[in-house]
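**Student:** Those protein sequence lines, which keep their order, are chains A and B. Here the numbering used here is used: the first residue of the first sequence is 22, the next is one more, and so on. Here the numbering used here is used: the first residue of the second sequence is 576, the next is one more, and so on.
Among the hints, erroneous ones may be present.
[Unchecked claim] DSSO-like cross-link-like pairs, simulated, lysine-lysine; straight-line CA separation at most 27 Å:
1. K924(B) <-> K892(B)
2. K898(B) <-> K75(A)
3. K701(B) <-> K75(A)
4. K681(B) <-> K701(B)
5. K171(A) <-> K648(B)
6. K757(B) <-> K648(B)
7. K881(B) <-> K80(A)
8. K151(A) <-> K648(B)
9. K748(B) <-> K80(A)
10. K796(B) <-> K648(B)
11. K864(B) <-> K151(A)
12. K151(A) <-> K589(B)
13. K757(B) <-> K796(B)
14. K681(B) <-> K707(B)
15. K924(B) <-> K75(A)
16. K864(B) <-> K881(B)
17. K924(B) <-> K151(A)
18. K681(B) <-> K171(A)
19. K917(B) <-> K898(B)
20. K701(B) <-> K151(A)
21. K748(B) <-> K75(A)
22. K151(A) <-> K881(B)
23. K151(A) <-> K681(B)
24. K151(A) <-> K898(B)
25. K898(B) <-> K171(A)
26. K648(B) <-> K701(B)
27. K151(A) <-> K728(B)
28. K171(A) <-> K707(B)
29. K80(A) <-> K701(B)
30. K661(B) <-> K75(A)
31. K632(B) <-> K75(A)
32. K892(B) <-> K171(A)
Derived by calculation from the structure, the hints in this document are not laboratory data.
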Amino acid sequence: MNEIAEGIVQAVQLIVSLDEEVIEITARSLLISLSATLIASLIAIPIGGFIHFKEFGGKRGLITIIQTLYALPTVLAGLLVFLFLSRSGPFGFLGLMFTPTGMIIGQTVLIIPLMVGMTLIALSGVSRTKQDTVISLGATGLQTVTTLVKEARFAILGGIILGFGRAISEVGAAMIIGGNIRGYTRVLTTAIALETSMGNLSLSLALGIILLAIAMVVTGFLFLVQER
Amino acid sequence: MIEFDHVVMKFGEKEVLKEVSFSIKDGEIFTFIGPSGSGKTTILRLIDILERPTAGKILIDGTDVTTLRDREKIQVRRRMSMVFQKPSPLRGSVYSNVAIGLHFRKIDHQEIEDRVHEALDLVGLKGYEGRKATTLSGGEMQRVAIARAIATKPDILLLDEPTANLDPVSTEKIESLIGALKERFGITVVLSTHDMVQGQRLADRIAVVIDGRIGQIGSSKEIFYHPMNRAVAHMAGVENIFEGIIAANEAGLADIDVNGTVIVAASHSSPGTPVTVFMRPEDITFYTKDSIRSSARNMFTGRIIKVVPIGPMVRMKVDAGVKLTAVITQRSFEELGLELGKETELTFKASAIHVVERTE
């Protein structure tokens, strides 16, 4: 009990004193997960739009697969990307294993299904009449999609924030692809895993508090957006 | 000119339109009237190329739009605008809502501004530009939807039950606006409604749609007084519909036997022909025995078996051999001393009866 209290006190000290390593790890986590979220948005929203507006065979099945992948285990996403990026893999020549870029790719792969799914849900929340209204006003296919994505923008933003939350909190892909190299690929989650196993509880707790704070800011923002 | 040529529309197993054919002339107000679910909305959606028919041709100014590619469809669709029964305002201001069709057409900003102001002025919402579209009342939203539709200066305006969810004041505003649009811009207006009286107020021509078929096309007068069949008559508020047989015919004046009661009506059908007779409830008049006799040929004595007040009018069922439905003013009802269960004299002119030969 005493150990926990002590750990919390030390953790607060580390945060308040702006400990160099804590700041560095936090900044890297944010950079990697925000980049992954941005890239995933650019891929997932158009894909979601395409799936929603186009009729094609196997659409229902594809949506089921996407929904299954919401729960894609993070270590599995890490393993898949590992297979592609490792020395012997098809993209091994790019030398992206154990780099922040590799981690961004891993997290992007991880959250794309979730964000495609959230885009689909957001777009299906736009009424059929609204879609017909836009088409009847003379919109081209692309104008229809962009107008309706704009209509659903708050719901889609909710999906983006969920994706970010999943990216920053995952540890499997970050560990497998990044390798938790100190000062290079170490992020909040991998650092917590390592420091805890080394018995360095106060640092783990400090990083944990920061991770929780980020989650709080994110959900708070989501709440604000949906209240509008 | 809009032409439907044997258009069939199926949604899965359900046949919504059954071989529908008609043509709408440029510059007319053409109204589809029918009960909910009769296929009116589907016809409007087909004109706007939002659906592809299962069979048949749809020609707009001679071009068959059912075979067009996407790009060409958009070109044709940009000559039309459709207002849906449920107005769906997009997020943002009234201005951006009205401007959106013009943005799609990549019209330059100055002109968009002019046209948006003009359209809002026309629907009586001048000064609403900055308001949030989603905060407006139902009637205002529908007028914004109309402004949005006319800002693009369409040749054809499609209105799907535009007043179905509105209060009488908003309805009146929108009806007078529709009339004004035709007057000022000569655009073709295609309207759907389930309100026969609205159809009469607005339309040059009416098509009665019943169960996926066109029952009759004609002026409101033709539909109201010369319905072609029972279903159309029912839709047009012709409540007295009887089946009978021509008993005798003398120079176009026929005696029709309706279950033993003889009704005299104008008809050229020969004796023995089975017919259906139609009569509007307003065409029956009542009198008291001692008042001056009417010149009408059909005079009956009947017992009042049902009385239902409807606003300033009274609807009655009278058993005079045949059961007749009549509508008279509350004032006449009182002056004649009519009441439930009482016997009364009634009459209607031979010319008030519309006779159609039965084919079935």
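**Student:** Decide, hint by hint, whether the structure agrees.
**Tutor:** Hints, one by one, checked against the model:
1. K924(B) <-> K892(B): This hinted pair holds, its Cα atoms lying about 18 Å apart.
2. K898(B) <-> K75(A): violated (58 Å)
3. K701(B) <-> K75(A): Violated, because 39 Å separates the two Cα atoms, which is more than 27 Å.
4. K681(B) <-> K701(B): Holds - the C-alpha atoms of K701(B) and K681(B) are around 24 Å apart, at most 27 Å.
5. K171(A) <-> K648(B): holds (24 Å)
6. K757(B) <-> K648(B): Roughly 25 Å between the alpha carbons, so the hint for K757(B) and K648(B) holds.
7. K881(B) <-> K80(A): violated (59 Å)
8. K151(A) <-> K648(B): holds (19 Å)
9. K748(B) <-> K80(A): violated (45 Å)
10. K796(B) <-> K648(B): Judged against 27 Å, a Cα distance of about 37 Å means the pair is violated.
11. K864(B) <-> K151(A): Violated - the C-alpha atoms of K151(A) and K864(B) are around 63 Å apart, more than 27 Å.
12. K151(A) <-> K589(B): Holds - the C-alpha atoms of K589(B) and K151(A) are around 25 Å apart, at most 27 Å.
13. K757(B) <-> K796(B): Since the Cα atoms of K757(B) and K796(B) sit roughly 21 Å apart, the hinted pair holds (cutoff 27 Å).
14. K681(B) <-> K707(B): Roughly 23 Å between the alpha carbons, so the hint for K681(B) and K707(B) holds.
15. K924(B) <-> K75(A): With a Cα-Cα distance of about 62 Å, the restraint between K924(B) and K75(A) is violated, given a limit of 27 Å.
16. K864(B) <-> K881(B): This hinted pair holds, its Cα atoms lying about 21 Å apart.
17. K924(B) <-> K151(A): violated (52 Å)
18. K681(B) <-> K171(A): Roughly 18 Å between the alpha carbons, so the hint for K681(B) and K171(A) holds.
19. K917(B) <-> K898(B): With a Cα-Cα distance of about 15 Å, the restraint between K917(B) and K898(B) holds, given a limit of 27 Å.
20. K701(B) <-> K151(A): holds (24 Å)
21. K748(B) <-> K75(A): violated (39 Å)
22. K151(A) <-> K881(B): violated (47 Å)
23. K151(A) <-> K681(B): holds (21 Å)
24. K151(A) <-> K898(B): violated (49 Å)
25. K898(B) <-> K171(A): violated (61 Å)
26. K648(B) <-> K701(B): Measuring from Cα to Cα gives roughly 33 Å; hence the hint is violated.
27. K151(A) <-> K728(B): Holds, because 21 Å separates the two Cα atoms, which is no more than 27 Å.
28. K171(A) <-> K707(B): holds (16 Å)
29. K80(A) <-> K701(B): violated (46 Å)
30. K661(B) <-> K75(A): Within the cut-off at roughly 24 Å; holds.
31. K632(B) <-> K75(A): holds (25 Å)
32. K892(B) <-> K171(A): Between K892(B) and K171(A) the Cα gap is close to 58 Å, so the pair fails against 27 Å, i.e. violated.
Violated hints for the displayed structure, listed by number in ascending order: 2, 3, 7, 9, 10, 11, 15, 17, 21, 22, 24, 25, 26, 29, 32.
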